[in-house]
Structure formats: structure tokens, C-alpha cells
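S.K.: Each chain, written out:
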Amino acid sequence: MTQTLTMRAIEKKLQKADRKHARLYLFCNFIALMIISAYSTLMFSRTVQTVFPKGGDSRKQMYGIFVMTLVGCVVFTIYAARLFFRHKSKQLGILMAIGASRKRLRPGLFREVLVLSSFSAVLGIVAGFPFVWVVWGTFRLVLVDSSQMVLDLDFRCLFVSAAFFLLVVGLACLFAWRYLKKTNIMEVIREEHINEPVKELGRWCGPAGFLLIFAGAVTGYYAPLAWMTLFSAYPPSWLSVLYAPVFVGVYMVMLYTVVYGWGRNKKNPYKNIVSRGMMKFQAKQTVNNMLVVTVLIAGGAFAIFYLPTVGLTSVFRYESYPYDYFYQYPADQKVPGEETVRELADKYGLSLKDWNGCEYISLGVDGNVQVSDEGKKFHVEYHPIQSEARILSEDAYFTLTGQETDVSPGTYLYVTDTQESSIWTDESARNLTNMVTRECLDTEFAGYLHYDLLSNEIGYYVLDNDEYEKIAEGLTDEWRGHIVQFNADGRDSYQFADAFYDLFVSSFDESCEHAYFYNKVSKIVAEERGETYEIEEEWQISYNDTDNMSFKLFWAYSPSFRILLINEHLCLMGVLYMMFLFIFIVCLVTSLVVCYTRCQTIVLNNRYIFDDLKKLGATPAFLSKEVRLQCGNVFKVPATVGTGAMYLMYALLLYANDGKVTAYEAIGLLATLGIVALIGAVVYGTYRGSVRTIMRQLGIM
Amino acid sequence: MLYVKNLFKSYEVGKTKYQVLKGIDFHVAQGEFVAVMGPSGSGKTTLLNCISCYIPFDQGSIMVGGTKLAGQDEDTLAKIRNTKLGFVFQDFMLLDGLTIRENILIPRIIQGKVGKDAEELVDRLVAMFGIGHILNKYPAEISGGEKQRAAVARSLINNPMVILADEPTGNLDSKSSRAVIETFIEAKTKMSATIFMVTHDSFAASFCDRVILLKDGTLYRQLENHGSRGEFQDRLLDVIKEMSA
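Protein chains in written order, with numbering that gives the first Met the number 0: chain A, 0 to 700; chain B, 0 to 244.
No lab work stands behind these hints: they were computed from the structure.
Positions of the beta carbon are idealized from the N, C-alpha and C atoms, including for glycine.
Among the hints, erroneous ones may be present.
Some residues of chain B that are not near chain A, with every Cβ distance over 12 Å (derived) [unchecked claim]: (1) S9; (2) K21; (3) I61; (4) A126; (5) I141; (6) S173; (7) S201; (8) D208; (9) Y219; (10) Q221; (11) S227; (12) R228; (13) R234; (14) D237; (15) I239; (16) S243.
When the alpha-carbon atoms are kept at most 25 Å apart in a straight line, the in silico DMTMM-like pairs for lysine to aspartate or glutamate are as follows [to be verified]: (17) A:K375 to A:E530; (18) A:K19 to B:D90; (19) B:K187 to B:E223; (20) A:K180 to B:D72; (21) A:K613 to B:E166; (22) A:K15 to B:E140.
Restraint ranges, calculated between C-beta atoms of paired labels, are given here [as the list claims (entries may be wrong)]: (23) A:D610 to B:K67: 36 to 42 Å; (24) B:T217 to A:R81: 40 to 46 Å; (25) B:D72 to A:I608: 34 to 40 Å.
So here's chain B without its partners, still in its complex pose:
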């Protein structure tokens, strides 16, 4: 579903060039829930931004559902973002002037395809994520956890190939974080959603099928979740400790 091959990305600050990603290779399969972890500066957010088509990359390739991202014009990239990708941001990024229903439907509205099916999908998603009661409220009237679950619903409204989540639990308390992670799991199990999540939170990552660990712009290790969640979190923490040593 998502292929990243030999990805290089650098930034120039003044006269200094910083190589942030140094040849990253991985793929995410359909219906897989994958987390990316790593210390600050490891390149995880840069990686996500490249996949999100927000920033160009220097070398390598990214393919989403068979479509190459490199060399596309701005309009095509916008279309890819709208139809093939779903986004969940740390700061929710809901539009304050719209109700939750309208916010969830925004990707469809941009596409110009708001039909009965979309309306039904909204109802199904909000029921699944337990936010049906806030559908006609505005972002300022609901909690952070509810906002993020609404954002997850928005990311799913176009049946995207991959949902890209950037620190989705970063601004939430533990209870709300768990509720948000559960929406991802619901989406994965009930809608076969593919989720690619950048996080610092080992608890959130422990719910994933696989965790990609980055260090200094390279892929340090990939861990697969075969056993219980608790045991997977322990393994994760051990590798993180090892990485920091």
C-alpha cells in the first residue's frame, strides 16, 4: 500500500546542510497499523511530511497505492492528499467555524462529492468512535479527545489508502489517548484502514502491528507485534534504551 525506497532528504540552514533522512526503505501493507518511533532529530516527522506530500524529497521514491509521489505537480499532489491519504494532526486542525459533521465531511466537500453515502459514512464513523452526540457541535465546544476522534473520522471519510497520523496523542491525556488509539484499531479492524503513525508514546505504539525505529535518519530496527500489548511495549522500551546507549 505504501512503499518508501532509498529515501533521502536534507535541509539547508544558512550555509549548513543537514542530512535528515539517509536512505530509508520500508513498506506498509494494506490494513496494517504501523508506528514510527525514534528520538528527536531522528527524521520521523520529516519522513511523514515527505509521505504527506508537504515537502519534496531529494532522492528515492514513495509510492501510495501504486502512485509515485515524485515529480507530480501541485494539483496532482493535492488530489493525492485528498483521495489517497487521510490525515490526523497533533493539533487536530479542525476548522473552528464548522460543526463536527461539516469538519468530517470536508475532504468530500473539497472533492465535490457529498452524497447520501458520505452522510451514511459519517453516521457510521461517529457511532463507531462514540462521538455521535457531538455531531452538531463546534470544535470549541468539545474535548481534545473528542476533537481527535472527529479528526480520525475526517481522515477516513474518503476511504483513503493510508491514514497518516502525526503524534495523534501528543496533546491528549492518557484516557483520551487510549480512546483515540482505539478509534484507529476500530478503523483497521472494521474498515481495513492502513495507518502510519508517528509517535513518541511507547504506550500508543504498543497497539500497532509493527514499529519502525529511526535513528539519525536511518532505519535502526523494525519490531513486529506478535504477543501481548504489554510484552510488545516492554520490547519496545528495551530497544529504545539500547538505541539511546
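Bound conformation, chain A alone:
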């Protein structure tokens, strides 16, 4: 028996006994790698690469989320490692106290962390593949199932997982080295916590914190606008620093909360004095942790709130369109007519109804242009012909919408959506120009009309019938166009919509191969001024890939086929939301682990205080209340601040878009409250679990 008693054998035995502590560490590494591996598989898959347009906001969001996921996972593993090594350092301290040198302990410790971190990381990477497959499958089953939603493996994703694997193992070794170096025999023997010498916190800290939050938010928000007004220049990126007081304020409010709390009990000033006394010495460490958790929970909430607040709003909007099919095209394009479309529909067993349409014309419209000067400066110039506008007559508008209008001569009505939430409006036009004859028409804004299908980035103006006729005189087919709309009689067919889309796109020639922000009027006037009109390369679109999401989103004549829009939107949202779900899971799990480890630290540091209280006659009820108070702040404050701040931010964003919260947005915000409740329930459940574990550790139960 003695022959087997080597240092190696003892280390193995101690590792076996430490399984309980290693479990959390293994779990965290496993989860982190699983999420990274799953996320990178998703990110590099062909579908995601196709759905998220190159250079588009959604792709930037995806990379942003990935960076956040990485940061979250790193924090996650660091906290788990710290807790593991904290337990380990007692063992190291005992061995050092009876004569083991650091050098003697080093190989065993490194061997242990290498095995633990590598094992859990490899397992996590492997588990990532079935995990993403299950999540993907669930989304296809529940949300959307189209031919676009194919999950395939691009081996580039393994590089990401491999890099994170090295990071996890590297961090584990770094911690092992650091803890071995830092382990202090005296602290282990005495089990004393060297309390942080905290100066008495001023009572002003809390209110001042709120003031700073308010001041930072207002200054940060309005500073760019003020900069542009004052200096006629684009605001520099460093201006975001003005948001800094918000973070200082949150820190101060949290510090005040854990040290004093907000409810003063005048009748019983000694209430919770023990818990507050303990916290006075650990307030800063605790608040630092709480800030990390707040940021993580806010990140998670940002991700998970996206679908109900932003994603669902679009679905509601598409559902509210009065026609299933709506499209427009220049008169010089040979787009299939009614007969051809009906024949195609027949092939799919679909009959069509409510077929109608009208003509529109394109004119030049005046406007102010922000012209960039040297550096970041700009100035505003008035151009009598600035961009293209699409014009309808009163009769054409009536044909399309059934709304009778009477536009006074010399004025125009602008078409916006029924909620008046569109950002694409123009109230400033004064002059319309026939781009062939250069005939001009003085006009002015006289109000809005409402038709969702005409409310888009292109913008439609309605003129008096006579004025319309007059200004349209001499326009060639290049400047004329048609709008068509119709409904499916009965249940619509995705296959028909898809086939019609292909047919529709293929009927256009090269003159229409451009995005909606390509403006032919702007091009003409720019060239007349001797300037070149260019669109950045990343915004170019091509007929070569008409199924690409960026083509569908940005093509100037992209049709609005409800069934395709909803399907594509759900597909886009599905993929985007899957990404967001990942970041949510990462952020939430990380924050819960950080909270749990913080509570453990509080207990480890205050174990003797609880023992002393027991000796002084404290009942289990009293002690468990103290534990709950200690842990309560750690869990509840960041969860409340994080979710509350994100909820407020989304509400403000929705409001700031158009100066109001529409009915759809209100429904989205209400749905978000359900998610807030869900987050609250998960945090509360973990808090209760942590309290139970801690009470067991303290022998209170």
C-alpha cells in the first residue's frame, strides 16, 4: 500500500475528493465552449452568410453579438476558475504549511488544471455541434421552414473554437500559476479575511449617483446634435465619453444600495445591521461584481428583447397590408401582365382577385443637401433639383387605395403609413421638375395620406389631377411607371409567390440593376455639375444572386409579396434571433455564475461571523435572513437595473424613431414584459438555490 503513496497518488486522490468544486468549473468551461462552437458553426454556415447581407447592419450585429458572446464566455470561465482555485488554495496552503514548496506543488496543479480545462473544453466543442443542430431544428419546426434554412458545416468555425480552447486552457494555467504564487500560508492557517479598508461612505453617494446617471444620459444623447449645430461638423466618436457619468452613477447607486439600502427604518434603525456591517468591508468588491453582472444581464436583455420589440412589429405591419401582392416597375420594362400572372397562379392552383393598378411618374424634387467639407466639417446646400420623387395623381391614388382625396393646386400630399411611424417623409418640397422638359412646378406640403404599401424609402407624392397631367407632359417611359396590386383568392401559395418573384425579377433589364438608394435624378444633376455620382461598392446589388437577402432588401423595384416578406422576415429574424438567443444564454448563465461565486465568496469570508453569531444565540431564522440579505443584493439589484435599463432603452428607441409608440410597438413592449418576468424567475430561482447551498455550507439548515 505504501509503495503507491506518492505525491502523484495523493494529488489524484485529492482531485477526486475535490470533484464537487471542480464540477462548476467543468460545467462553465463546457458551456462556454459549447456556445462558442455552436455560435461559430452558425455564423459560418451558408444560410447565415446568405441571409445577412455583406456590410449590412444585421451582419455587423451578428459580429457584435459574437464579440459579446466571447467576452461573456471569457468572464464566465474566469469566475468559475477563480472559485475553483479559491477552494484549491486552502489545500495548497495546508501542504505548504507542512513543508511542500511551490515548486513541488506546481506540476500536480498544472497537470490537474490542464486535464480539467482541456477535457471540458473538448467536450464543449464537440457538444456544440449537436446543440446548434437541435436549436436550428427547433427554429425550423416552430418558426420558419424554408429552403433557405439549411445548416451546413464550414470548417472555418473550428478555428474559432480552437482559439477559444487555447484561451480557456491558457487562462486556467495562468490562474494556477497566480494562485500558487499568491497562496498565503498565514491566511490559510488563520482563515482570516483581510478586510478591505473602506472609508465610511457618504450618504450623498446614492442621490449623487442618480444625478450623474441623468446628467450622463442627457449629455451623451444630445451632445452629437449640439456638436453638429454648433460646429457644422460631424460629431467625433470620442463624444461617446460623455456617457461615462452614467456608469459612474450606476456604480455609486449600487454602492449606496449595498451599504445603506434605500428604505430607512426609523422605528428600527438596527434592522439588518449585521448584514450591512459585513457588506461595509466588501462593498467595493461586491459592487464590482454587480456591475459585471448588470452589464451581462443588460446584454442578455438587449438580445432577447429584440424579437418582441423590433421583430414582431414588422410581422404585424406585413399582416396589416391591404393586398397580398404589390409591385411597381418603370414603363420601359417588359413586366408580365395580368394574363401571364393569372396563368402562372393557375399552375399552382391559385386564383387571383382584386387586381388593380395605376400609373406613376418620376420627377426631380428640390431639397437641402448636407455637403461634406474638409475634415469632419459639412455645410448645407439648397439644390433646386436634388432627388427623385414618385408622383401619383388624385385618381391614381383613389384607384389604389379607394381613398378619395382633393389636393389643392399648388400643394402636394405625402403618403405615409397608417401609424404615421415612417421615417421616410418629406414636408419640405417646394419645387418639382420634369426631368425631360425641365418644366417646373411650385408646390408645398399640405398634409399626409395614409397607405402602408406606399410608405417606403422611395416616397410618394399625390398631386391635383390637372397639375399631374401638366407636369407629366413630355415624360418618356423611363420616367413613367406602373403600380400593380392584387390578392390571392383563398389561401396564398408560397410556391406561386416564389415563382412569380423569379419571373418578375427576370423581366427587368440592366438599367434597373440598382439599389433603392441609387437616385437617377441625383446622378443626372451631379453629372451636370461636373461631379461623379457613386454608390459605395458594398451597397451594389446584382441580378446574379436575386435570392440573396441584400438584393431583396435593397433592390429599387423589390416587390412586396406578403407571404414572401413574412417568410423571409421570419427567416431573417429566426437566424438573427438564434444569434440573440445565444448571447442571451451566455449572458444569463455567466451572470448567474458570477452571482453564485460572489455569494460563495461572501460566505467564505464571513463564515466566522456566522459562527460567532450562532455562539451569541442567533436562531437559524435570523441567520438565514442574513444570508438572504447578503445574496439578495448580489442577485436582485443587477437583474433589476440590467433588465430595467434595457427595457427603458428599447421603449425610448421605439419612441425616438418617430416620436410615438405605435399600437404594434406597444404590443411588442407588453410581450417584452413577459420576458422580463421570465428572466426574473430564472434569477430568483438561482438566488434561492444559492441561498440554500450557502445555508447548508454554514450549517444553518
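For this one, chain A is given, so just place chain B on it according to the hints.
M.R.: Relative to the frame of chain A, chain B by itself:
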């Protein structure tokens, strides 16, 4: 065996410097059982920690079996702790994941010298201290007194020059305390062990050959045990009373 000469040690807390040991001089002979007593803040634990090589001292010298502790590097100090010193702590400091046999053998395992002789020594020690029946149990399965006797056995496994005991009876009831003190006496008489014990307990100290009394970081007095244990305890209590006056 253990020489302490003109030992000074101070702590700095913030900007304030506290002089804890102010020139302590004494020696402990081979096979002697010596206790250190004194009121709180007298410096007894600091003295023990300096001898244990856990903390450095400012001035003076400590010699264990002819080896000076000052100026040694970390590895050498670890070796001294392992081979020349044995430790008994108030909180026992047994490793929960190891059996009592393994815990007792730990200093040997660290040294890499676990042979038949070590195994025999474990058997002899546990028989001597009456803990043979718990050899294959884990610390969580035995009483506090048994844990401490196991810790004493561990401190002896490397035949150290001095056993350093820090409040070994501090966490024990009177019966267990007596049993632990008896293990020290057994070790001293049967193995010629040299024991240096810090304690608050005059009963435990009354079993010692000599008691060093510290006050405010200086050596207040040394009392030698010539008569009966009871009489020595009375003398001790008188001096402690005098010290507190």
C-alpha cells in the same frame, strides 16, 4: 535545539507601525516540552509564525538544529518546514480528501520518502496515541480530539527537531485536550521529541517542563516545572495574575 536571539518583528497597518516582538531571547533544549503563554497581543503567535518560517522577522536570529532561518530562500524554508519542523494547528489542518493514514504520511510523501519504515512509524504512532482504529477513516468521520492526535502523529512522522503547536487544545473539550497533551508527553518521553507550544490554557501548560511568559512583545518571565503539575499550574496562575495587575 531551538535558539531565538534578540528577535524583533513589527507589522504595518496603514501608516501605523506596530512593534510586536521587542528583542526576544530564549532557547529550547532537545527533548524539552516548552509552552509560551501571554495575554492577547503579547506576540506569542507572531513568535511561533516566525519560528515556523511563515513570516519573516525584522531583526535577530532563529536557529533550528543549527540552521539559521534568516536569509533562506523559499525552497529552503519549505525544506526546513518539512524535515526539521513538525506542526500542530488549532484547526487540525487535515486534508479532507485523504484518510488519516495518508494524512499522517503527508510530510513523508512531500519528501518523496514513503518506505516501510514510514509505514511502521505510522503504526507505532497511532498505537501510542490510541487512534489505530481510525487509520482508514476520513477527517469528517472522526472527533476533534482524534483529529488532533492524528495531527500530532503527522507532526512526528519526519522525526522533526522541533514540534510547533499553535493552541492545540483551543478547539477541544477538556477530555480531548488532556488526550492531546498526553500524546505530546508520550512523544517527548518515548521519542525524545522537542515541543514548543503556544497556548492560553494554563492546564495544558502545566504539563510542560517550562513556560515562557510574554508581555507586550517582551519576555516577561520563564517558569520551570520542578514539582507537581497542580502546584506548577498554581504558580503559573499567580504569575499570570501578577502580569495582568
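S.K.: Now look at each hint and say whether the structure bears it out.
M.R.: Hint by hint, here is what the structure shows:
no.	hint	verdict
1	S9	holds, 16 Å
2	K21	holds, 21 Å
3	I61	holds, 17 Å
4	A126	holds, 17 Å
5	I141	holds, 16 Å
6	S173	holds, 18 Å
7	S201	holds, 23 Å
8	D208	holds, 25 Å
9	Y219	holds, 25 Å
10	Q221	holds, 26 Å
11	S227	holds, 35 Å
12	R228	holds, 30 Å
13	R234	holds, 31 Å
14	D237	holds, 31 Å
15	I239	holds, 24 Å
16	S243	holds, 25 Å
17	A:K375 to A:E530	holds, 20 Å
18	A:K19 to B:D90	holds, 22 Å
19	B:K187 to B:E223	holds, 16 Å
20	A:K180 to B:D72	holds, 14 Å
21	A:K613 to B:E166	holds, 22 Å
22	A:K15 to B:E140	holds, 18 Å
23	A:D610 to B:K67: 36 to 42 Å	holds, 40 Å
24	B:T217 to A:R81: 40 to 46 Å	holds, 43 Å
25	B:D72 to A:I608: 34 to 40 Å	holds, 38 Å
Figure legend: structure checked against the earlier numbered hints; every hint is met.
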